[in-house]
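Novice: Given these sequences and hints, build the entire structure.
2 protein chains.
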Amino acid sequence: MQKFLMEKGFIFPTAEIYGGMAGFFDYGPLGTEIKRAVKELWWKTWVSGRQDIIGMDGSIITNPKVWESSGHLDIFHDPLVECSNCRGRFRADSLLEKKVKGQLDGLSLEDYAKLIEEYKVKCPVCGGKLGAPKWFGLMFRTEVGSVNGNTAYLRPETAQLIFVNFNRIVKTSRATLPFGIATMGRVFRNEISPRNFVFRCREFEQMELEYFFNPKQDCPSGLLESVADLKVPVLTREIQEAGSKAVKMPINALVKKKHTSSWHAYWLGKSLEFVMSLGLAPAKLRLRQHLEQELSHYSKDTWDIEYRYSFGWKELAGIADRTDYDLQQHAKASGVDLSVATPEGGKLYPHVIEPSFGVDRLVFAVVEGAYQVEKLPDGKQRQVMKLPEAVAPVQVAVFPLVSKDGMPEVGREIYNILRKKLRTFYDDKGSVGRRYRRQDSVGTPFCITVDGQTLKDRTVTVRERDSMKQTRVKIAEVAGWLERRTGG
Amino acid sequence: MQKFLMEKGFIFPTAEIYGGMAGFFDYGPLGTEIKRAVKELWWKTWVSGRQDIIGMDGSIITNPKVWESSGHLDIFHDPLVECSNCRGRFRADSLLEKKVKGQLDGLSLEDYAKLIEEYKVKCPVCGGKLGAPKWFGLMFRTEVGSVNGNTAYLRPETAQLIFVNFNRIVKTSRATLPFGIATMGRVFRNEISPRNFVFRCREFEQMELEYFFNPKQDCPSGLLESVADLKVPVLTREIQEAGSKAVKMPINALVKKKHTSSWHAYWLGKSLEFVMSLGLAPAKLRLRQHLEQELSHYSKDTWDIEYRYSFGWKELAGIADRTDYDLQQHAKASGVDLSVATPEGGKLYPHVIEPSFGVDRLVFAVVEGAYQVEKLPDGKQRQVMKLPEAVAPVQVAVFPLVSKDGMPEVGREIYNILRKKLRTFYDDKGSVGRRYRRQDSVGTPFCITVDGQTLKDRTVTVRERDSMKQTRVKIAEVAGWLERRTGG
Numbered sequence: 003m004q005k006f007l008m009e010k011g012f013i014f015p016t017a018e019i020y021g022g023m024a025g026f027f028d029y030g031p032l033g034t035e036i037k038r039a040v041k042e043l044w045w046k047t048w049v050s051g052r053q054d055i056i057g058m059d060g061s062i063i064t065n066p067k068v069w070e071s072s073g074h075l076d077i078f079h080d081p082l083v084e085c086s087n088c089r090g091r092f093r094a095d096s097l098l099e100k101k102v103k104g105q106l107d108g109l110s111l112e113d114y115a116k117l118i119e120e121y122k123v124k125c126p127v128c129g130g131k132l133g134a135p136k137w138f139g140l141m142f143r144t145e146v147g148s149v150n151g152n153t154a155y156l157r158p159e160t161a162q163l164i165f166v167n168f169n170r171i172v173k174t175s176r177a178t179l180p181f182g183i184a185t186m187g188r189v190f191r192n193e194i195s196p197r198n199f200v201f202r203c204r205e206f207e208q209m210e211l212e213y214f215f216n217p218k219q220d221c222p223s224g225l226l227e228s229v230a231d232l233k234v235p236v237l238t239r240e241i242q243e244a245g246s247k248a249v250k251m252p253i254n255a256l257v258k259k260k261h262t263s264s265w266h267a268y269w270l271g272k273s274l275e276f277v278m279s280l281g282l283a284p285a286k287l288r289l290r291q292h293l294e295q296e297l298s299h300y301s302k303d304t305w306d307i308e309y310r311y312s313f314g315w316k317e318l319a320g321i322a323d324r325t326d327y328d329l330q331q332h333a334k335a336s337g338v339d340l341s342v343a344t345p346e347g348g349k350l351y352p353h354v355i356e357p358s359f360g361v362d363r364l365v366f367a368v369v370e371g372a373y374q375v376e377k378l379p380d381g382k383q384r385q386v387m388k389l390p391e392a393v394a395p396v397q398v399a400v401f402p403l404v405s406k407d408g409m410p411e412v413g414r415e416i417y418n419i420l421r422k423k424l425r426t427f428y429d430d431k432g433s434v435g436r437r438y439r440r441q442d443s444v445g446t447p448f449c450i451t452v453d454g455q456t457l458k459d460r461t462v463t464v465r466e467r468d469s470m471k472q473t474r475v476k477i478a479e480v481a482g483w484l485e486r487r488t489g490g
Numbered sequence: 003m004q005k006f007l008m009e010k011g012f013i014f015p016t017a018e019i020y021g022g023m024a025g026f027f028d029y030g031p032l033g034t035e036i037k038r039a040v041k042e043l044w045w046k047t048w049v050s051g052r053q054d055i056i057g058m059d060g061s062i063i064t065n066p067k068v069w070e071s072s073g074h075l076d077i078f079h080d081p082l083v084e085c086s087n088c089r090g091r092f093r094a095d096s097l098l099e100k101k102v103k104g105q106l107d108g109l110s111l112e113d114y115a116k117l118i119e120e121y122k123v124k125c126p127v128c129g130g131k132l133g134a135p136k137w138f139g140l141m142f143r144t145e146v147g148s149v150n151g152n153t154a155y156l157r158p159e160t161a162q163l164i165f166v167n168f169n170r171i172v173k174t175s176r177a178t179l180p181f182g183i184a185t186m187g188r189v190f191r192n193e194i195s196p197r198n199f200v201f202r203c204r205e206f207e208q209m210e211l212e213y214f215f216n217p218k219q220d221c222p223s224g225l226l227e228s229v230a231d232l233k234v235p236v237l238t239r240e241i242q243e244a245g246s247k248a249v250k251m252p253i254n255a256l257v258k259k260k261h262t263s264s265w266h267a268y269w270l271g272k273s274l275e276f277v278m279s280l281g282l283a284p285a286k287l288r289l290r291q292h293l294e295q296e297l298s299h300y301s302k303d304t305w306d307i308e309y310r311y312s313f314g315w316k317e318l319a320g321i322a323d324r325t326d327y328d329l330q331q332h333a334k335a336s337g338v339d340l341s342v343a344t345p346e347g348g349k350l351y352p353h354v355i356e357p358s359f360g361v362d363r364l365v366f367a368v369v370e371g372a373y374q375v376e377k378l379p380d381g382k383q384r385q386v387m388k389l390p391e392a393v394a395p396v397q398v399a400v401f402p403l404v405s406k407d408g409m410p411e412v413g414r415e416i417y418n419i420l421r422k423k424l425r426t427f428y429d430d431k432g433s434v435g436r437r438y439r440r441q442d443s444v445g446t447p448f449c450i451t452v453d454g455q456t457l458k459d460r461t462v463t464v465r466e467r468d469s470m471k472q473t474r475v476k477i478a479e480v481a482g483w484l485e486r487r488t489g490g
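Chains as they are written, first to last, in the numbering used here: chain A, 3 to 490; chain B, 3 to 490.
Mixed in with the good hints there might be a few duds.
The list treats identical chains as one, so a pair stands whether inside a single copy or across any two.
Dumping the calculated DSSO-like pairs for lysine-lysine here, alpha-carbon to alpha-carbon at most 30 Å [said to hold, decoys possible]: (1) Lys-349 - Lys-5; (2) Lys-476 - Lys-423; (3) Lys-41 - Lys-422; (4) Lys-431 - Lys-218; (5) Lys-258 - Lys-316; (6) Lys-103 - Lys-316; (7) Lys-173 - Lys-5; (8) Lys-422 - Lys-233; (9) Lys-41 - Lys-388; (10) Lys-431 - Lys-458; (11) Lys-422 - Lys-173; (12) Lys-41 - Lys-173; (13) Lys-173 - Lys-431; (14) Lys-349 - Lys-431; (15) Lys-103 - Lys-124; (16) Lys-101 - Lys-131; (17) Lys-250 - Lys-101; (18) Lys-406 - Lys-173; (19) Lys-260 - Lys-316.
Bear in mind the hints are in silico, worked out from the structure with no lab data behind them. Keep in mind it's a predicted model, so treat the numbers as computed, not measured.
Specialist: In structure tokens, the structure reads:
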């Protein structure tokens, strides 16, 4: 898949001509369009499309006190071990993952040391003895200003910018509970061993929502109803502790059986709904609740949406109950009151549910899930990416059958109309069969061909990627026809 | 203006509750929507809207060899002076700016030292003696990976990511000359003295296009014609050297009088056209050519679009002729051939024109230019932002006249229809007059009011921000009416 994505120019290591840089990637034209479309769909679904959520955009470098108060400076780290022989450095939890059953998050350095001894873990490179585990801080540091010693950090998450600007945003937007603040942007984590292509990298993009509510009030049943029947396999804490298999249950069962709170369940449902709208197959999705020791320092309860990548079940998104931890921490450290008035009167520190998505791993799941090598009726094969129209990098391609007889002119005319609303591509080179195959392989849902008949009756053929069916449509009607099909 | 923007929640210092951080800003809900709209319009105008330009998206941290080869590591710096008394640090060129006539870019450290002595420049804080000027590197540094010593840099421009991925992008997109590659994203410059709010900050967003062409071929006259008649005041190198005033001339005069190349003039025109589409007044725009000594190390010729901010004429965008400097440098350093085939046969290193926009300073110009305190016929005043529909953070607001009699229900019905295509806001609190004024002050071009008559005949009033004229429109027609007016 990685080779395919690189060859098609979707995603590749940054500055390949200099040998790249571990954990950093650049997006080519097609990858950029998919990523933009995923982000746009998220904003449209959760910000522009809702009355109760507003957007914000924070800076990557902010006052370092933010990370002191949030706890990241103390606690945001991974266990590092060094080989006493070759000096290679590795994450203790990654080395142990394949040997030890169960979750390895949330252990102490002593726990890791014990397990390394118990399981006789050696250096994976040279077989040498591993030294004692140490904490390795995941935040990138830099110096700001012309005077030395002004250490600042590259943000490891976008969420904190929402919390530290909370009072300014609430005041100016006159938001009343419950409401959400959403943001997206680059974040940085100095991973000891970045891996699985863009799944775990050092610079990536997040889309995060903080949804604030009165903890004494449940999610209104009208809201919950909208996602209540969504059904996926679920791994609750109890199921995992019992070593049992995931159980398929609907979202409202999570509330009824008290596995989680109503607001938490609602956002689990909305998050699932969102990833499904990107074309991810329900059969490759499941919900997994974090075990007690796995929880981040700020979280009371966290559930991951996991996706079955080619390299196993992995976290696609995390939906955390951060309670009022962050607002309380920042209020305490800054001395600023961050409570809000409730519609019922009185003030309180709202609690918050945070659905957090990694854009790059989402894009990776979308393209990996959409990619197929399909057998055709004539025995031949084709590469095809069955991307939903909303995120296809090219939504429609326009081809003159041959590059003469006035066909290119009509093709360009159609191209100029369509590109106002859709991501449109024009191509008049090579055989039309080859052009179809090229568009199939990058996920273009529709190809329009201008042929001899077009010149007679102003109709074109529209070929659909998945069925390969061709329909004749009048030029005058083709924009409307496609707009309906792409949810324009 | 800054106070207004902060109070309305457009833009404010990052993490204000901790005292902010010089040179870093966060965007609130309204500022975020304007910034998104400006970026979207740029992408729509220059990438989706053109057949000859494709997009890419690079990482902020890349292989440090990129900055070695590009010359940034050696040359991207400002002259720093330190006060021998209070140890304050200042940019030598900024201190000299007010005393010395003419351009101060491109001088040597010796030149700055001489000028400081000649003009008797002292420390602006304590009046102390200034030390010898030194170069101060503008790139932020960080360490990558778990082993010390892997220094990397935060990119100071997005453009280099285009050059270092050039061959991968050209191959996979099958682009043929002339063509452009466009990108946008955060960049970082460790300014010694950030100032003028978001005009000069340390973290900001760029939108950059690299347009590649065969240097032996002129811009086709058809392209040039499309912007030939655009006319703004121009400060050529000669005019500035003669100490004369700007001369109003059309874009094609720049070519005819050999002030610049045809490709350069074309992109000056397209860049002007773009900033004008954001509502910037032609009277506040001018073109200024860089003087010889001002040119960046990579540039043969650069023109700035300058805008008259409240704090003077300042660079809004730079349009540089980077020749084949960057591709040649990277080819030499990496050993990879970065030449491209020409349609006529043979291979060459294309030359490049780079229109480069700073998003934050563009947003600042747009809101500063749009803001007015207007006298009304009744003698009262109103604050109004005359933003073009395309970039207004709220494009249409929907108000039930009163919050009863079924008006909120009809209001929400209209809100739900409109928000699918437009940035729509719903408000049912307070007097309708106050709601109008609040929307005027944040630039909302249209307010729709549901009143008593609506309940009888399903019509609403649409109030236009600038004229304050109200028109009755059928609910069934209001979406189409607005879509036509907002260019949707």
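Novice: Next step is simple, just say for each hint if it's right about the structure.
Specialist: Each hint, compared with the structure:
no.	hint	result
1	Lys-349 - Lys-5	between (55 Å within a copy, 27 Å between copies)
2	Lys-476 - Lys-423	both (18 Å within a copy, 26 Å between copies)
3	Lys-41 - Lys-422	both (20 Å within a copy, 16 Å between copies)
4	Lys-431 - Lys-218	between (64 Å within a copy, 25 Å between copies)
5	Lys-258 - Lys-316	within (27 Å within a copy, 62 Å between copies)
6	Lys-103 - Lys-316	within (16 Å within a copy, 62 Å between copies)
7	Lys-173 - Lys-5	between (49 Å within a copy, 15 Å between copies)
8	Lys-422 - Lys-233	between (38 Å within a copy, 28 Å between copies)
9	Lys-41 - Lys-388	both (19 Å within a copy, 29 Å between copies)
10	Lys-431 - Lys-458	within (23 Å within a copy, 59 Å between copies)
11	Lys-422 - Lys-173	between (38 Å within a copy, 27 Å between copies)
12	Lys-41 - Lys-173	both (27 Å within a copy, 27 Å between copies)
13	Lys-173 - Lys-431	between (57 Å within a copy, 15 Å between copies)
14	Lys-349 - Lys-431	between (66 Å within a copy, 20 Å between copies)
15	Lys-103 - Lys-124	within (18 Å within a copy, 69 Å between copies)
16	Lys-101 - Lys-131	within (17 Å within a copy, 66 Å between copies)
17	Lys-250 - Lys-101	within (28 Å within a copy, 75 Å between copies)
18	Lys-406 - Lys-173	between (62 Å within a copy, 26 Å between copies)
19	Lys-260 - Lys-316	within (25 Å within a copy, 60 Å between copies)
Of the numbered hints listed earlier, not one is contradicted by the structure.
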